[in-house]
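Undergrad: The residues making up each chain are set out below.
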Amino acid sequence: VTQQEGIGWHPRARPGPLFALLCLRRSGDTSPEGLADVLAGLWETYDRLREGIAGDLPPELDYAGGLQRLVGFGPRLFDQALGIDHPEAPAAELRECMFGPVAAGGPVLPGTALRFADTVTDNGADADVVVQLTGDTQAALTRAVVATQRQLAGDGRATLSGIWFGYRRDDRRSWLGFHDGVDNVNGPERINVVEVGPQADDRWLRGGTYLAFLRIEIDLDVWEALSRQEQELAVGRDKHTGGALNPAGDEVRRVALAAGTTSVFARANLPTREPGLVDLDDPTGLGGSHVQRTRRHPNLRIFRQGYEYLEVTGNPPVLQTGLNFVSFQSSPGRVIGMLRSPSWLGTDSFAGSSQAGFPQVPDLLRVHAAGMFAVPPASDDGLPGREMLRDLKRLG
Amino acid sequence: MGRRDHSSRRAATDGYRTPGAADDLDAERLAAWQQAVEQAYQDALSEFQPQDGSPPAERAGQYVSPRPIQGREIPLTWQPVPRQLVGCLGRRRARAICDADEVPGLDPKAAKDTLAGGREWHNEYCEYKVIRRHDDKTGRLRPKRVEITTELREYWVFLARECPESLLSLAREVLENEKVTYDDLYGQNPVELTPEKRQEAFVRVSAGSDVRDPRIAPCGPCNRDRALFMCHPINGLDDLYFISLFGAQPCARRQDGELLPVPLMRLFLDNPWFRASADDVRQLRDTYCRNADPSAAAVAYAAAFAGARVALADPPGVYLREEDFDLMALRYRSEPVDERWVRWRRPETGTRHQRLEVGPRDEDDAFLDDIDVCRGSTAVPLTGGFQLLELLSVGPQVVAEPLAAPSPQDFYLIEGGGGEVRCGSRTSDVCRQLAAWGKAIDAPDASSRLAVPRWRRRKLRSTRDDEASHS
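Listed in order, the protein sequences are those of chains A and B. Residues 1 to 396 (the numbering used here) are what the first sequence spells out, left to right. Residues 397 to 867 (the numbering used here) are what the second sequence spells out, left to right.
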């Protein structure tokens, strides 16, 4: 049993720097089996593209572009196919942890600080199916997206409810200007963070994972109104070096990069990257920083694999900057816990601690789509999760 | 014994107060409690015996203090969901076992030798009991509320030994039941007994044994029908010290001439103190797949790597943290739950507590399962304690005091032996043991013989020696 492609779950699994996430909803009365047919057709198309075969053109393997594809299933599929009270309904925890229908400007989950943008009226990631595509070239990625759209349009049994693009920056910084993923879960720990265990409730999901997706707009006007020092307190890192900030009495101490290194990602900077744990009410305010909030519970970590985005909206054009937050974890409760817990992101969507007199950062983030998906392991027989879809028909 | 004013701060060198500073003791008894803490530390330290290639014994405790120290407080928390249970059986069955009053398939002898029902697997320093009441409208027994406790067994055993009158009074107060008797706590009147005999009786009736002794599960009502304090053998203060000592070792890997921190998994699989024993390593593989132990080890390790010594903050204890509790997930008729239905206690003030009771009072018409849990946009009924553990965090508060940074020769090198751990693997000792429990929950009418779990993380060698002598 192994994870599908597109997840950096071990050192040799390296998804490309370009990203697209596509969400699908079943049309009308399409059965789970009908949906399986649709997805199997897409899977064959992706396989051909991976061999450099695009449409009726001759194979050009040199231009396959490192396309990797992943399929997952959303709570909407199980809810609508079965109803949540069905005694044998699969994906129970996924359905408990689903992001809801949108109230424009409302919280992404009941009682959380992170909110949808006012303009969002339909959460496109509230979907039956997710397809994640990653690649090394724009051509590889975009032709897979277009092929998906055309195939679905011609078939009619499922429609796209959302498509989002992103990319990984080669400087490994985010729009906030800080290094991103500096202290992501690494090494041998990663597999136990990502993998649904071999005895999990849903047999079809064992060895797979859960994908969380949040399309998060970052308001640069709000962010850049803060001084560098305020930004660093909010993040919990040195903006220039990426090193963790640590308390020293009532002062904040910067940790220099290891001698002879210039990147925080250098191995020798492992101790520099790792922040010491700081209490919430620490007088420096560091306890309320983003890094500290998300690290408060080391046993509930997630594996982040985010992609930045830049989108143009309106006329005259307005630039929207943001992050495709993508994470993989062994349980959806890990992400939901982070978003909900008052000491994590439940009371402040990014960072902040009023007790410490530390500046809040309200309105920095606005969510445009939010979804949670069960991602079965790779399958030797083609489409992952196909048997589960067959079983849904039996249960329904 | 009286209630303590825990707003008062004491100098760190004064020694520990009572857990949570919830109670006040006279000087003599406080000194005896501090001695009990010291003893728990020494018990844990005795695990670090030199064997082939291990560091010298005198270095085992250099980064953990048994007494309060001056320094910066750092949080140490974990979600108290029994991770081994979830990993080995899946969430649905883990929840069913944890919430069960009785586990089908457990024969009467085994039932007597284990904690009541699913509490046998509440092994993340947080135990609970679901209190059920008859619903006159339906005639059914329904969950009314959940009592959750993180109170240290050592403290209650100390009280039982040293001051039975105070113990009785405190038990009545915590359980809010003036009818609790000495018989309920000791099985007899302890006043005329020697302290040793009192402890013996209390262990048999209320506290159960720790991991060192032949297994005794408490038979009295205070920890079978109720949750007075933690009585699981693995949830002891000595185990907390063990895992802190285990983590607080200056281990490193060498890369390009640099000494770098090791991944936590390596600390468990290739630990210089235990790697010479395959049996120890096998147990540590299971330990890695818990919530509490890797969390505690990670905090202690980070401190030791940086050359800092850690200690439990004063007051010592394992705390339920109000600031981590996702109270907003609980809804009653689509509204936040009545504040009388969420009671933080021991102490009642502050934000760190050792007792939490969730659910309607007896005089209320509502039942626990009338409350909804809304983690996402779907509401599901709250039927027991497991769902509450998913909304909680527990852990002690730790103090770190910088010492001189270790010099390169002080580090123990870990080079990456021991393979890897895939948590939930059915070949692990704990998953093999749990397989029968899972079958019993799935098919309660089928005949299955469940073994009494053996909790033996601590006292690794002595337990193994015991086994050898019994075989």
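Wrong hints could be hidden among the right ones.
Which stretches of chain A does chain B cover? Using the computed rule of at least three CB atoms under 8 Å from a CB of chain B, they are [claimed, not checked]:
#, stretch
1, 157 to 169
2, 264 to 270
Which chain A residues stay away from chain B? Per the calculated CB distances, all over 12 Å, these [to be verified]:
#, residue
3, Arg-25
4, Glu-60
5, Lys-239
6, Asp-281
Quick list of the computed label-pair ranges, beta carbon to beta carbon [claimed, not checked]:
#, chain 1, residue 1, chain 2, residue 2, range
7, B, Tyr-728, A, Asp-122, 53 to 63 Å
8, A, Gly-105, B, Gly-653, 51 to 61 Å
9, A, Arg-173, B, Asp-825, 41 to 51 Å
10, A, Pro-101, B, Gly-583, 35 to 45 Å
11, B, Leu-799, A, Glu-251, 34 to 44 Å
12, A, Pro-101, B, Arg-828, 36 to 46 Å
13, B, Gly-653, A, Glu-251, 23 to 33 Å
14, B, Gly-535, A, Val-222, 23 to 33 Å
15, A, Asp-250, B, Asp-410, 58 to 68 Å
16, B, Asp-532, A, Thr-119, 49 to 59 Å
17, A, Asn-315, B, Arg-650, 34 to 44 Å
18, A, Arg-12, B, Asp-531, 51 to 61 Å
19, A, Arg-173, B, Glu-469, 25 to 35 Å
Honestly, the hints are just simulated from the structure, not real lab data. Using N, Cα and C, we set each Cβ at its ideal position, and we do this for glycine too.
Undergrad: Run every hint past the structure and note whether it holds.
TA: Structure-based check of each hint:
1. 157 to 169: violated (count 0)
2. 264 to 270: Answer holds; 3 residues pass the 8 Å Cβ test.
3. Arg-25: Answer for A/Arg-25: holds, closest chain B Cβ roughly 17 Å.
4. Glu-60: Holds, since 39 Å exceeds 12 Å.
5. Lys-239: At roughly 23 Å from the nearest Cβ of chain B, A/Lys-239 sits farther out than 12 Å, so the non-interface label holds.
6. Asp-281: A/Asp-281 not clear of chain B: closest Cβ-Cβ about 9 Å, inside 12 Å.
7. B/Tyr-728 x A/Asp-122: 53 to 63 Å: At 30 Å between Cβs, range violated.
8. A/Gly-105 x B/Gly-653: 51 to 61 Å: Since A/Gly-105 and B/Gly-653 have Cβ atoms about 55 Å apart, the given range 51 to 61 Å holds.
9. A/Arg-173 x B/Asp-825: 41 to 51 Å: 45 Å, holds
10. A/Pro-101 x B/Gly-583: 35 to 45 Å: Since the Cβ atoms of A/Pro-101 and B/Gly-583 sit about 58 Å apart, the hinted range of 35 to 45 Å is violated.
11. B/Leu-799 x A/Glu-251: 34 to 44 Å: Once the Cβ atoms are compared, 20 Å apart, the range 34 to 44 Å for A/Glu-251 and B/Leu-799 is violated.
12. A/Pro-101 x B/Arg-828: 36 to 46 Å: 44 Å, holds
13. B/Gly-653 x A/Glu-251: 23 to 33 Å: Between B/Gly-653 and A/Glu-251, where Cβ atoms are some 32 Å apart, the hint holds.
14. B/Gly-535 x A/Val-222: 23 to 33 Å: 58 Å, violated
15. A/Asp-250 x B/Asp-410: 58 to 68 Å: For A/Asp-250 and B/Asp-410 the Cβ distance comes to about 24 Å; the hint is violated.
16. B/Asp-532 x A/Thr-119: 49 to 59 Å: Cβ of B/Asp-532 to Cβ of A/Thr-119: about 52 Å, so the range 49 to 59 Å holds.
17. A/Asn-315 x B/Arg-650: 34 to 44 Å: 59 Å, violated
18. A/Arg-12 x B/Asp-531: 51 to 61 Å: Since the Cβ atoms of A/Arg-12 and B/Asp-531 sit about 57 Å apart, the hinted range of 51 to 61 Å holds.
19. A/Arg-173 x B/Glu-469: 25 to 35 Å: 33 Å, holds
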